[in-house]
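Sequence lines, in order, name chains H and Y.
In the working numbering, each residue's number is its place in the first sequence (first place is 1) plus 1.
In the working numbering, each residue's number is its place in the second sequence (first place is 1) plus 1.
If a hint is listed, it holds; no wrong ones were tucked in.
Identical copies go unnamed one by one, so any copy, or any two together, can satisfy a pair.
Here are the simulated SDA-like pairs of lysine to any residue, each with C-alpha atoms no more than 20 Å apart in a straight line:
1. Lys411 x Asp178
2. Lys310 x Arg405
3. Lys411 x Tyr177
4. Lys416 x Gly5
5. Lys410 x Gly206
6. Lys410 x Asn235
7. Lys310 x Asp394
8. Lys310 x Cys395
9. Lys410 x Asp178
10. Lys285 x Thr179
11. Lys410 x Ala236
12. Lys205 x Glu400
13. Lys385 x Arg405
14. Lys385 x Asp151
15. Lys82 x Pro180
16. Lys4 x Gln33
17. Lys310 x Asp151
18. Lys205 x Lys410
19. Lys234 x Lys285
20. Lys125 x Pro356
21. Lys291 x Glu257
In case anyone wonders, no lab produced these hints; they're calculated from the structure.
This structure is a prediction, so every number in the text was calculated from the model and none was measured.
2 protein chains.
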Amino acid sequence: MLKGACMFGQSGGPSSVINSSAAGVFIEALEQDCITEVYGAAHGIRGILHEEFYDISKESKEELLLLKNTPSSAMGSVRYKLKDASVDDTDYKRLLEVFKKYNVRYFFYNGGNDSMDTCNKISKFMANSGWECKVIGVPKTIDNDLFGTDHCPGYASAAKYVATTTMEVKLDASVYDTPMITVIEVMGRNAGWLTAASKLASYKGLGPDLIYLPEVAFDIDKFVKDVDAVMKKNANKCLVCVSEGIKNAEGTLVAELFAENLAKDSFGHAQLGGVGAALANICKEKFGCKTRAIEFSLMQRCGAHLASKVDVEEAFNAGRESVKVAVSGETDKMVIFERSYDKDGNYVCNYKAMPLELAANTEKTVPAEWIINNGTDVSDEFVKYALPLIQGDCKAPLEDGLPRFAKLKKVFVEKK
Amino acid sequence: MLKGACMFGQSGGPSSVINSSAAGVFIEALEQDCITEVYGAAHGIRGILHEEFYDISKESKEELLLLKNTPSSAMGSVRYKLKDASVDDTDYKRLLEVFKKYNVRYFFYNGGNDSMDTCNKISKFMANSGWECKVIGVPKTIDNDLFGTDHCPGYASAAKYVATTTMEVKLDASVYDTPMITVIEVMGRNAGWLTAASKLASYKGLGPDLIYLPEVAFDIDKFVKDVDAVMKKNANKCLVCVSEGIKNAEGTLVAELFAENLAKDSFGHAQLGGVGAALANICKEKFGCKTRAIEFSLMQRCGAHLASKVDVEEAFNAGRESVKVAVSGETDKMVIFERSYDKDGNYVCNYKAMPLELAANTEKTVPAEWIINNGTDVSDEFVKYALPLIQGDCKAPLEDGLPRFAKLKKVFVEKK
Chain H
2 MLKGACMFGQ SGGPSSVINS SAAGVFIEAL EQDCITEVYG AAHGIRGILH EEFYDISKES
62 KEELLLLKNT PSSAMGSVRY KLKDASVDDT DYKRLLEVFK KYNVRYFFYN GGNDSMDTCN
122 KISKFMANSG WECKVIGVPK TIDNDLFGTD HCPGYASAAK YVATTTMEVK LDASVYDTPM
182 ITVIEVMGRN AGWLTAASKL ASYKGLGPDL IYLPEVAFDI DKFVKDVDAV MKKNANKCLV
242 CVSEGIKNAE GTLVAELFAE NLAKDSFGHA QLGGVGAALA NICKEKFGCK TRAIEFSLMQ
302 RCGAHLASKV DVEEAFNAGR ESVKVAVSGE TDKMVIFERS YDKDGNYVCN YKAMPLELAA
362 NTEKTVPAEW IINNGTDVSD EFVKYALPLI QGDCKAPLED GLPRFAKLKK VFVEKK
Chain Y
2 MLKGACMFGQ SGGPSSVINS SAAGVFIEAL EQDCITEVYG AAHGIRGILH EEFYDISKES
62 KEELLLLKNT PSSAMGSVRY KLKDASVDDT DYKRLLEVFK KYNVRYFFYN GGNDSMDTCN
122 KISKFMANSG WECKVIGVPK TIDNDLFGTD HCPGYASAAK YVATTTMEVK LDASVYDTPM
182 ITVIEVMGRN AGWLTAASKL ASYKGLGPDL IYLPEVAFDI DKFVKDVDAV MKKNANKCLV
242 CVSEGIKNAE GTLVAELFAE NLAKDSFGHA QLGGVGAALA NICKEKFGCK TRAIEFSLMQ
302 RCGAHLASKV DVEEAFNAGR ESVKVAVSGE TDKMVIFERS YDKDGNYVCN YKAMPLELAA
362 NTEKTVPAEW IINNGTDVSD EFVKYALPLI QGDCKAPLED GLPRFAKLKK VFVEKK
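In isolation and in its complexed conformation, chain H is listed as follows (with noise of 0.2 Å):
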């Protein structure tokens, strides 16, 4: 068995659960002994650029199981573009010079699509460089847009904040007589799945009057209509969920449609009000009735504290088995989820691993034929894919009446 140390590092955008997985890697890591040092990379590959990182065994189990309900990237991210190897190598060489000198056999790194392109191509340079390393994948991302699985670590938390949150804000949005728009945005640049979770919340009869994707081109006029019908049958309430990634029949960013133009205001300001606070305007504009915009901004992808059991679990989870594959001698993979269901029906998740290359170029969105009534809702098809992930509550001790989240050494491996 290939004996060496072992480097994690996050990277892009955190997640509810991100550290879920990083506690799975780091605790299956500790108990193999052909791992001889587990190390994790301050700000993912930026880190193991500058030789800086953390020396886990350090830590103790305590500490690195409550990672599992604790928010954000506990080593730091990173958003580092590696360049291609054969237009810029030197990236490449830096880090082959520190794995071989602090003889880094086993690489994880824990991230989404850009994160899973740098891990391809830290793991095409090791194999031909002659550095034998096993390099696996962590799948991450909120957008759940990952190639290839079932789902990713940390759709499900998300999913969840999104739809209790449109439930609570249902309730307290229609709670006087007179007529009212709300407009929440929520995150997903390409993928809408994020936001297709807003349709649990109608499942329990609480949601989104109109729905849209950016899977879907969207037309400002179209929606107007669209609000104009709801308002009309709905005693003049109407709430939409709109993803902050919804384009234009061009292609273009509604947000920045309006970023450009609101560029001119009297301050020279940039604007930082996305698309849920521009469609509010133009509603107020349009029906002259009270409108209001809700950004669920970086609570929907922190707030830990409404985490789905099956998501911490399945993430944990995810860490623990990218070890073990690596240890059984697997390389250039991503641990991925396949679904099925036992004999009574109950939703089951299986770890697999795939080439890792296969989910660095491609990203998954939200299946045309789930998406219905002319681009303003979603199927039960989605509700049927998507409620087994969010179901169970995990979260941190309470301490005080708020969370008691992961507090590590974080001590510094000395520079060799």
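Fit chain Y to the given chain H structure using the hints.
Chain Y only, in chain H's frame:
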């Protein structure tokens, strides 16, 4: 004992626990022999004027108890300001007519300052008109600004939302090793209690660097200097919590200063973004780094999934207590909370009643001596005050992984 029907109404902005008070009123009233009918007014005072109220005896006790964990105002709310009876007594005469027609001898009104003003006016009119009716105010406001009570039902759950979510956002917003300024906007027009709750996150080591309350005049140049100082000592990261209600030295809302200018954008739209977005824009311009404005928006007042158990129970008890007080013969009062500590130093809430007019016309703001560090922080006295209130979790049971909120039948009473 005075025998007759009881009427309950909700008014003003909803909260996570206003329905817990409704549950308390309903369940206690249904148990009282002297109360012949239990009515819930649709949309507060307006429902009474229009003779639109629900027959609460048609609801199951199980669903009424689920109200404890159902956010928003289940009866519907209203913002309707009664004129002074001496100026125009039309509405009062109509209320009296309805009260007589349905033999309403107990009236409970659940809301904040404005609702207590309404309740007070009705109380005085009924007394002067000779119609014996026990009138009791049931306090509710996330703003915590009602005079005469240690704190208000609804505040603690909103405070718990603000503290917990600030902790989560702090972890998320500090994940990259690049400069970042995050501005969180919290509700509260004149009183900073809710924004101050972000200090509880600091107490757990994950709070804002700067806190601005409406109690202190806000100066934009000073704000920029404050942020600059934090950025220099804090690795170019700064988290700000600001009340929507901050005002400059002239008393003008800072949000309005910007709204006026931003109204001139090329689309001619009124800007929705509040003071948080405006301050984030200023930071972007001054510091040239990534900034993010976050509004806790409706979520802070409807996030029942994160309610404080103390708050849920106190709100319920406030409802029950208001009925007991009325049945005992008292009138023209509002139920209040008095704080004490038992011999082990544990917080105890005692229920009392005080004259309605005291609550109707006074706003309670954060004591000046609790606002420290040149208006950018609150003291440990605040933490000591607020911490006992946010203890414990109490939320709706899960069904399909989502909250099972109360589903009332809402059977209208037949008009007489």
